[in-house]
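Peer 1: Here is what each chain is made of, one letter per residue.
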Amino acid sequence: MAKDFWAKHENLYYALTNKKVLFGLSIVILVFLLAAFGPLLTRYEYDEYAGQGYLPPSSEHFFGTTIDGKDVFTRTVHGLRSTLLVGAIAGTIATLIGCIIGFVAGYYGGTIFDELLMMLTNIFVVIPQLALLIVIAAFLEVRGTFVMAVIVASTAWPWTARAVRSQTLSLKNQEYVSLSKISSISVGRILREDIASNMFSYVFMVFIQQFNGTMLATVQLEFLGLGPTKGISLGLVMQNAVNWNGIQLGMWWWAIIPGLILAILITALYFVNTGLDAAFNPRLREM
Amino acid sequence: MGKYLRKKLMIYIITFILAVTINFIIPRMMPGDPIQSLLSRFSGMEGGRQILEEQLTLLFNLDQPVWQQYLNFWKSVFTLDFGISIIQFPTPVIDIIKRAIVYDLSVLFPAIILSWIVGNKLGAYSGTDKKVDNASMPFFYFLASSPYFWMAGLVAFFFGVVLQWFPISGAYSAVASPALSWNFIKNFLHHWFLPFFTMFLVQLGGWAIGMRNMIMYEKSSNYSKYMETLGSSKKLIRKYGFRNGVLPQVTGLALRIGRIVGGAITVQVVFNYPGLGRMLLDAVQNQDYFLMQGIFLTIVTMVLVANFVVDIVYMFIDPRVRLSFTEEV
Amino acid sequence: MINVGKKVLILTLAFLFLVGGMSLAQDLPREETLVVSGAMWGPPSTWNILIPNPTPGTGGLVYETMFSYNPLDNTYTPWLAKSGEWVSENEYVLNLREGINWTDGEEFNAEDVVFTYEIAKENSIMYSPVWKWLQSVEAEGDYTVRFTFSEPHYAEWNAELYERYIIPEHIWSDIPSGELITRTMKDPVGTGPYTAREVGQDRMVWERNDNWWGNDVFGQPKPKYLVDLVNQSNNVVMGMLMKGELDLSNNFIPGVQKIKDQFGLKTWYEEEPYMLSWNTANLYMNTTRKPMGDVNFRRAMAFMVNKESIVERVYGGLVKAANPTGLFGEGWLKYLDEEVVDEYGFEYNTTKAKALLNDAGYVDADGDGWRDMPNGDPLELSIIVPSGWTDWMSAVRVIAQNAEEIGVNIKPNFPDSSLFDNKRFNKDFDMLIANFQTTLSSTPFDYWNGVANENIDGKTISNGNWGAYDNPELFELIDEFNMTRNETRKQEIASKIQRILLKDMPTVPLWHNGLWAQQTTNNWTNWPSEDKPYGVPVTWGNAYQLGMIDTLIGIKPAK
Numbered sequence: 001m002a003k004d005f006w007a008k009h010e011n012l013y014y015a016l017t018n019k020k021v022l023f024g025l026s027i028v029i030l031v032f033l034l035a036a037f038g039p040l041l042t043r044y045e046y047d048e049y050a051g052q053g054y055l056p057p058s059s060e061h062f063f064g065t066t067i068d069g070k071d072v073f074t075r076t077v078h079g080l081r082s083t084l085l086v087g088a089i090a091g092t093i094a095t096l097i098g099c100i101i102g103f104v105a106g107y108y109g110g111t112i113f114d115e116l117l118m119m120l121t122n123i124f125v126v127i128p129q130l131a132l133l134i135v136i137a138a139f140l141e142v143r144g145t146f147v148m149a150v151i152v153a154s155t156a157w158p159w160t161a162r163a164v165r166s167q168t169l170s171l172k173n174q175e176y177v178s179l180s181k182i183s184s185i186s187v188g189r190i191l192r193e194d195i196a197s198n199m200f201s202y203v204f205m206v207f208i209q210q211f212n213g214t215m216l217a218t219v220q221l222e223f224l225g226l227g228p229t230k231g232i233s234l235g236l237v238m239q240n241a242v243n244w245n246g247i248q249l250g251m252w253w254w255a256i257i258p259g260l261i262l263a264i265l266i267t268a269l270y271f272v273n274t275g276l277d278a279a280f281n282p283r284l285r286e287m
Numbered sequence: 001m002g003k004y005l006r007k008k009l010m011i012y013i014i015t016f017i018l019a020v021t022i023n024f025i026i027p028r029m030m031p032g033d034p035i036q037s038l039l040s041r042f043s044g045m046e047g048g049r050q051i052l053e054e055q056l057t058l059l060f061n062l063d064q065p066v067w068q069q070y071l072n073f074w075k076s077v078f079t080l081d082f083g084i085s086i087i088q089f090p091t092p093v094i095d096i097i098k099r100a101i102v103y104d105l106s107v108l109f110p111a112i113i114l115s116w117i118v119g120n121k122l123g124a125y126s127g128t129d130k131k132v133d134n135a136s137m138p139f140f141y142f143l144a145s146s147p148y149f150w151m152a153g154l155v156a157f158f159f160g161v162v163l164q165w166f167p168i169s170g171a172y173s174a175v176a177s178p179a180l181s182w183n184f185i186k187n188f189l190h191h192w193f194l195p196f197f198t199m200f201l202v203q204l205g206g207w208a209i210g211m212r213n214m215i216m217y218e219k220s221s222n223y224s225k226y227m228e229t230l231g232s233s234k235k236l237i238r239k240y241g242f243r244n245g246v247l248p249q250v251t252g253l254a255l256r257i258g259r260i261v262g263g264a265i266t267v268q269v270v271f272n273y274p275g276l277g278r279m280l281l282d283a284v285q286n287q288d289y290f291l292m293q294g295i296f297l298t299i300v301t302m303v304l305v306a307n308f309v310v311d312i313v314y315m316f317i318d319p320r321v322r323l324s325f326t327e328e329v
Numbered sequence: 001m002i003n004v005g006k007k008v009l010i011l012t013l014a015f016l017f018l019v020g021g022m023s024l025a026q027d028l029p030r031e032e033t034l035v036v037s038g039a040m041w042g043p044p045s046t047w048n049i050l051i052p053n054p055t056p057g058t059g060g061l062v063y064e065t066m067f068s069y070n071p072l073d074n075t076y077t078p079w080l081a082k083s084g085e086w087v088s089e090n091e092y093v094l095n096l097r098e099g100i101n102w103t104d105g106e107e108f109n110a111e112d113v114v115f116t117y118e119i120a121k122e123n124s125i126m127y128s129p130v131w132k133w134l135q136s137v138e139a140e141g142d143y144t145v146r147f148t149f150s151e152p153h154y155a156e157w158n159a160e161l162y163e164r165y166i167i168p169e170h171i172w173s174d175i176p177s178g179e180l181i182t183r184t185m186k187d188p189v190g191t192g193p194y195t196a197r198e199v200g201q202d203r204m205v206w207e208r209n210d211n212w213w214g215n216d217v218f219g220q221p222k223p224k225y226l227v228d229l230v231n232q233s234n235n236v237v238m239g240m241l242m243k244g245e246l247d248l249s250n251n252f253i254p255g256v257q258k259i260k261d262q263f264g265l266k267t268w269y270e271e272e273p274y275m276l277s278w279n280t281a282n283l284y285m286n287t288t289r290k291p292m293g294d295v296n297f298r299r300a301m302a303f304m305v306n307k308e309s310i311v312e313r314v315y316g317g318l319v320k321a322a323n324p325t326g327l328f329g330e331g332w333l334k335y336l337d338e339e340v341v342d343e344y345g346f347e348y349n350t351t352k353a354k355a356l357l358n359d360a361g362y363v364d365a366d367g368d369g370w371r372d373m374p375n376g377d378p379l380e381l382s383i384i385v386p387s388g389w390t391d392w393m394s395a396v397r398v399i400a401q402n403a404e405e406i407g408v409n410i411k412p413n414f415p416d417s418s419l420f421d422n423k424r425f426n427k428d429f430d431m432l433i434a435n436f437q438t439t440l441s442s443t444p445f446d447y448w449n450g451v452a453n454e455n456i457d458g459k460t461i462s463n464g465n466w467g468a469y470d471n472p473e474l475f476e477l478i479d480e481f482n483m484t485r486n487e488t489r490k491q492e493i494a495s496k497i498q499r500i501l502l503k504d505m506p507t508v509p510l511w512h513n514g515l516w517a518q519q520t521t522n523n524w525t526n527w528p529s530e531d532k533p534y535g536v537p538v539t540w541g542n543a544y545q546l547g548m549i550d551t552l553i554g555i556k557p558a559k
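As you go down the protein sequences, you meet chains A, B and C in turn.
Number 157 in UniProt numbering belongs to position 157 of the first sequence; there are no gaps in the numbering.
Number 168 in UniProt numbering belongs to position 168 of the second sequence; there are no gaps in the numbering.
Number 180 in UniProt numbering belongs to position 180 of the third sequence; there are no gaps in the numbering.
Don't take each hint at face value.
Just some of the chain A residues that point at chain C, by a computed CB distance under 10 angstroms [what the hints assert, rightly or not]:
{"hint": "1", "residue": "Tyr49"}
{"hint": "2", "residue": "Val104"}
{"hint": "3", "residue": "Trp244"}
{"hint": "4", "residue": "Ile247"}
{"hint": "5", "residue": "Gln248"}
Simulated crosslink set (DSSO-like; lysine-lysine; CA at most 30 angstroms straight-line) [to be verified]:
{"hint": "6", "chain 1": "B", "residue 1": "Lys219", "chain 2": "A", "residue 2": "Lys19"}
{"hint": "7", "chain 1": "C", "residue 1": "Lys224", "chain 2": "B", "residue 2": "Lys186"}
{"hint": "8", "chain 1": "B", "residue 1": "Lys186", "chain 2": "C", "residue 2": "Lys222"}
{"hint": "9", "chain 1": "B", "residue 1": "Lys121", "chain 2": "B", "residue 2": "Lys98"}
{"hint": "10", "chain 1": "B", "residue 1": "Lys235", "chain 2": "B", "residue 2": "Lys121"}
{"hint": "11", "chain 1": "C", "residue 1": "Lys258", "chain 2": "C", "residue 2": "Lys532"}
{"hint": "12", "chain 1": "A", "residue 1": "Lys172", "chain 2": "B", "residue 2": "Lys3"}
{"hint": "13", "chain 1": "C", "residue 1": "Lys132", "chain 2": "C", "residue 2": "Lys427"}
{"hint": "14", "chain 1": "A", "residue 1": "Lys172", "chain 2": "B", "residue 2": "Lys225"}
{"hint": "15", "chain 1": "A", "residue 1": "Lys19", "chain 2": "B", "residue 2": "Lys121"}
{"hint": "16", "chain 1": "B", "residue 1": "Lys131", "chain 2": "A", "residue 2": "Lys19"}
{"hint": "17", "chain 1": "C", "residue 1": "Lys224", "chain 2": "C", "residue 2": "Lys532"}
DEER-style ranges, computed between Cβ atoms [unchecked claim]:
{"hint": "18", "chain 1": "B", "residue 1": "Asp95", "chain 2": "C", "residue 2": "Lys334", "range": "22 to 32 angstroms"}
{"hint": "19", "chain 1": "B", "residue 1": "Tyr223", "chain 2": "A", "residue 2": "Met119", "range": "47 to 57 angstroms"}
{"hint": "20", "chain 1": "A", "residue 1": "Glu60", "chain 2": "C", "residue 2": "Lys334", "range": "45 to 55 angstroms"}
Hints listed in this document are in silico derivations from the structure and should not be mistaken for laboratory results.
Think of the CB as a built atom: it goes at the ideal place given N, C-alpha and C, for glycine as much as any other residue.
Could you build the full structure based on these sequences and the hints that come with them?
Peer 2: Here is the structure:
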């Protein structure tokens with residue numbers, strides 16, 4: 001029974017046994033656990049004056065304290081939550097938009113419709129994302145989590161659209177689709193069975209890429225002071241560290257560690273993505 | 001070929017129009033009365049009132065119909081008259097931009113080019129040698145995953161604070177004056193290195209990964225397998241694979257320029273490097289609308305020009321485009 | 001590929017050199033240069049001494065005053081003047097030093113002083129209002145000037161003596177009236193110890209005047225060059241201080257007290273409050289609105305605010321809590337009446353605050369947890385400070401929290417700076433914090449005038465007393481103080497004034513903003529401090545003559 005299951009979903013099998021995927025996934029899960037349960041591990045509030053300032057990591061303060069005595073670990077895990085949330089929502093929105101546009105453009109590839117959509121996509125690709133985000137975010141008085149996610153997603157989707165479109169295009173021209181077309185199977189069923197099922201793994205990988213991108217864009221905005229107006233975020237923790245001369249003062253636990261967690265998370269996701277690429281793509285499997 | 005260029009140009013022109021329009025719309029959509037607030041800020045400065053009236057007539061003349069204001073706005077764009085800055089009153093915005101752009105270009109130009117070249121070479125090497133690949137891939141992933149400003153902090157901490165080899169703030173030191181002297185050049189380069197190095201490192205990872213993936217794809221292609229059976233050297237296979245793999249990397253460069261510029265902004269903040277990026281942030285935080293609009297437009301234009309240059313380069317290296325076999329770019 | 005890269009690199013660098021600015025200036029010798037920051041918020045653009053804020057240093061380094069004032073011991077030092085005295089109730093005679101030359105070689109004499117005042121009579125410039133009580137200025141010989149007053153304002157005249165910069169008649173008389181304040185007056189000609197050397201986008205460079213008359217009288221300033229840098233963000237300034245790249249910083253650097261020992265930074269006091277006090281931050285209440293018009297409410301506010309909390313948590317001890325009268329500094333404290341303070345003063349006391357409110361009828365009528373007006377209407381107030389002034393923003397949050405603890409609903413609000421000014425000038429606020437008219441000076445008249453100015457009838461208020469507090473008796477007393485010379489009488493009036501202010505509490509003095517100053521000793525040592533108070537290290541505009549020149553003379557190179 002199990003064998004049948006794996007035989008039908010051989011992609012999944014390869015995915016879950018790939019070393020890279022396992023390695024990356026375990027780190028990702030760890031980080032998510034940290035974000036979810038981290039705040040329970042600490043007895044401080046993120047804005048509370050938890051002790052003496054300028055303390056390096058210890059059993060009292062896992063990541064040390066900031067210059068005015070706030071606990072860095074608490075700030076990091078709370079900030080991680082916020083940043084991950086915005087990144088995830090933004091990534092989802094961006095993937096959705098990108099998929100729809102890319103899908104449609106790819107399916108109607110070559111027509112004027114496709115041309116227009118691609119023109120739109122290219123325009124959004126060319127506009128310098130952060131500059132535009134800065135200008136927009138600056139004009140919003142209050143920025144909540146959702147608003148931020150929408151802003152970030154609005155400049156992130158073009159990448160997905162292009163990728164999905166080219167994948168759709170190549171699939172469209174595959175023999176089995178042409179076969180289905182000749183057999184006059186309905187467009188909807190073609191889309192569902194032939195194209196979408198093959199796209200799923202691809203879209204999943206695209207989503208991971210998107211998530212990486214939106215998290216980076218989010219944390220950059222936060223670092224520049226344009227993050228959510230209330231609460232704390234990872235970028236804000238790092239901004240404080242830079243603004244209060246954490247670097248010059250040698251406070252590596254404050255200036256380096258929070259960002260390191262994010263970098264590790266994104267690296268791990270990269271690993272997962274590469275592993276999945278190999279799993280889903282037989283041509284790469286021997287690597 | 002012509003069609004290819006024409007399409008690209010159209011995209012860029014539309015984007016430019018969009019950017020100018022965004023600049024036009026935003027102050028008018030602001031809650032409250034940004035023009036009143038501008039007036040009151042300028043009136044506090046010496047001679048401010050008359051300068052302001054001139055600027056307002058130029059850019060905001062509210063008794064005229066909107067379409068006329070829009071046309072006037074375009075006129076000011078083409079005459080490069082972006083108004084007067086508030087935070088550096090009474091310097092005209094265009095002067096501030098002219099001064100700051102040097103610092104952006106001096107870091108971005110070498111960083112983009114060098115990281116692209118070195119990254120692609122390293123990636124190609126990695127793609128053909130499994131041992132190297134296993135060792136270096138995690139490293140490249142890590143570089144590519146690092147937020148620019150975090151890498152800047154890391155680099156600043158290590159090279160600036162621990163080793164004390166480089167300064168970590170400013171474009172040149174307080175007692176130096178810009179001049180054609182060797183002293184000043186040394187000073188400038190000393191401050192320039194870490195921002196450059198940061199931009200270089202992060203991008204390096206991205207290119208290496210991209211090229212490595214391309215090479216691997218090419219390796220499993222027919223011509224590659226054929227060469228292998230013929231007993232060609234790894235180096236030769238790599239060379240051919242590279243030639244094919246480089247194409248998407250050039251496209252990738254065009255796609256990424258927007259992101260790279262964004263990263264540069266945050267790096268400038270960390271190193272207090274007086275480029276356009278940091279000035280944009282200052283302008284936003286101080287609600288210096290004229291400066292903000294001027295810089296935004298400049299950044300967009302720079303990116304558009306860079307994209308166009310890359311497109312032309314691509315045209316020359318991809319024979320398919322030259323011969324219009326496909327529009328798939 | 002690599003060759004292309006190299007070529008591009010070389011071209012790029014060449015391009016940079018061409019564009020990077022090609023003045024022929026050389027690097028300045030570090031051991032003869034004093035690098036300062038903290039005074040300039042934008043690039044230097046005007047050196048016209050007739051406007052309120054020319055490039056800092058124009059006044060003091062280039063143009064000089066008749067006397068200099070030492071705020072530490074409340075004494076006047078004859079500067080351009082040799083001596084001055086009141087020869088009658090309304091006549092003041094000034095004797096000038098001889099042998100002083102302008103930097104263009106012309107002789108300095110009484111003509112210049114007379115011209116400096118006449119020009120204010122014939123044109124409308126910032127100190128023209130002095131002619132409301134000054135009747136005539138006449139030169140009597142080359143080095144004597146007689147001032148005759150229609151109404152002698154002794155306190156304000158004392159301020160004139162050290163605030164008014166004397167300008168050269170032979171240069172300014174050629175300027176047409178319409179251009180008097182719009183000319184930039186680049187390369188200003190003065191009598192002072194420095195001249196303008198170089199102007200940069202981010203700095204102003206001054207060079208020592210080796211022909212300065214003061215070299216023989218007071219001593220020669222040690223730095224040959226003075227580089228004043230435009231202000232950067234806090235962390236950048238901190239970074240420069242940590243590396244010794246800045247010698248003197250007059251920036252407000254939160255957290256500096258934590259790192260000063262580690263990096264060898266010097267401040268005036270070794271311990272709290274580290275800095276000298278510079279002005280008084282007052283909580284102004286708009287008396288034209290309810291319930292701020294009610295004196296009991298205002299007094300309750302005074303007992304409600306926890307000043308110590310602001311001093312410690314917001315400023316980390318870098319400022320000093322204000323005494324209930326708001327007075328500080330030697331010149332003002334001379335008139336402090338301790339008894340009045342004991343009797344009518346206030347301190348942080350929530351019980352007293354609640355009692356005051358309860359007795360005046362501000363109780364929670366509808367049970368929502370907030371106090372209401374005596375007539376039952378809800379009580380909701382807002383307190384504003386400019387957005388971006390992070391320390392004030394934090395202070396205001398503390399106040400709002402204090403208010404919540406006794407049940408008063410005050411919400412902090414942070415309008416943009418120009419909007420804040422707008423509201424301030426137009427009585428369009430409930431409460432705000434301001435310190436603009438209460439700066440250290442030689443006479444408490446300035447403080448009282450700033451807090452209870454009588455010009456409240458116009459559409460806009462521009463001189464202080466933002467809350468339009470109206471008390472004709474007080475206004476008269478303040479004027480009388482200004483026009484009295486008899487010390488005993490002045491003390492009496494001062495006591496009365498303080499009593500009225502404490503009883504009526506139009507504003508609540510909160511804390512004193514500091515004369516922010518931190519120095520490094522990598523290049524210059526012997527900075528003035530609590531132990532060596534021979535000068536005052538302040539480079540802010542129009543403050544050089546309060547002790548910075550003495551500092552420049554007194555510091556020593558580190559080697």
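Peer 1: For a C-alpha distance cap of 30 angstroms, please report whether Lys19 (chain A) and Lys121 (chain B) respect it.
Peer 2: Roughly 26 angstroms between the alpha carbons, so the hint for Lys19 (chain A) and Lys121 (chain B) holds.
Peer 1: Was the hint right that Tyr49 (chain A) lines chain C, CB cutoff 10 angstroms?
Peer 2: 8 angstroms, holds
Peer 1: When you check the alpha-carbon spacing of Lys131 (chain B) and Lys19 (chain A), does it fall within 30 angstroms?
Peer 2: 16 angstroms, holds
Peer 1: Keeping to a limit of 30 angstroms between CA atoms, is the pair of Lys172 (chain A) and Lys3 (chain B) held or broken?
Peer 2: With Cα atoms ~25 angstroms apart, Lys172 (chain A) and Lys3 (chain B) stay inside 30 angstroms; holds.
Peer 1: Would you settle whether the hint for Gln248 (chain A) is holds or violated, based on the nearest Cβ-Cβ distance to chain C being less than 10 angstroms?
Peer 2: Hint holds; Gln248 (chain A) Cβ to chain C Cβ min 5 angstroms, cut 10 angstroms.
Peer 1: Is the hinted range of 47 to 57 angstroms satisfied by the C-beta distance from Tyr223 (chain B) to Met119 (chain A)?
Peer 2: Violated - the Cβ-Cβ distance for Tyr223 (chain B) and Met119 (chain A), about 34 angstroms, lies outside 47 to 57 angstroms.
Peer 1: Please verify whether Lys224 (chain C) and Lys532 (chain C) have alpha carbons no more than 30 angstroms apart.
Peer 2: 23 angstroms, holds
Peer 1: Please test the hint of 45 to 55 angstroms on the beta carbon pair from Glu60 (chain A) and Lys334 (chain C).
Peer 2: Distance hint for Glu60 (chain A), Lys334 (chain C) holds at roughly 51 angstroms.
Peer 1: For the pair supplied as a hint, Lys186 (chain B) and Lys222 (chain C), confirm whether the alpha-carbon distance does not exceed 30 angstroms.
Peer 2: 29 angstroms, holds
Peer 1: Does Lys225 (chain B) lie within 30 angstroms of Lys172 (chain A) when you go C-alpha to C-alpha?
Peer 2: Holds, at roughly 27 angstroms.
Peer 1: Lys132 (chain C) and Lys427 (chain C) were given as a pair; does the straight-line alpha-carbon distance stay at or below 30 angstroms?
Peer 2: 27 angstroms, holds
Peer 1: Could you say whether the range 22 to 32 angstroms given as a hint is met by the Cβ separation of Asp95 (chain B) and Lys334 (chain C)?
Peer 2: 50 angstroms, violated
When the structure is compared with the earlier hints, violations turn up for hints 2, 9, 18 and 19 and for no others.
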